[in-house]
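Mapped onto this note's numbering, the consecutive letters of the sequence shown carry residue numbers 5 to 116.
Warning: the hint list may mix true and false statements.
[As the list claims (entries may be wrong)] The calculated DSSO-like cross-link candidates involving lysine-lysine, where the alpha carbons are at most 30 Å apart (straight line), are:
{"id": "1", "residue 1": "Lys42", "residue 2": "Lys79"}
{"id": "2", "residue 1": "Lys101", "residue 2": "Lys42"}
{"id": "3", "residue 1": "Lys36", "residue 2": "Lys101"}
{"id": "4", "residue 1": "Lys101", "residue 2": "Lys35"}
{"id": "5", "residue 1": "Lys79", "residue 2": "Lys36"}
Since the hints were made in silico from the structure, they are not lab data.
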Amino acid sequence: NLLDMRDILDLANFVRLGQIDMDEYIDPKTKKSRGDGKNSAAIYNAYCLHCHNADGRGVGDSMSLGELARSDPWKALHNIMNGHPKETMPPLRVIGKQVIMDMLAYVQSLGK
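Please put together the full structure from these sequences, using the hints given.
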């Protein structure tokens, strides 16, 4: 299967502009976000609640967002920042680094 032109442009933009130092967002030793999730419920409710529900488990999800964000925060961060190609989850990197770190910290608290 060949990539269509939109996919090629998205891939080129990601390689050129989309890679980040994840250690700025996540403490590699504790796997915890460097953000503050205490005031991020409103952000989660605005961007995530519609698909992922209040507990972080959307319909058909094999694990909750909280479980994923605690076990593999790098994957969770990648998904938050870049969305899911050909799915409804949009890339959220435009909301800013601190907001993303805070949202990741909030998501890590779900399902405890």
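**Item:** Violated hints, by number in ascending order, as checked against the structure
**Value:** none
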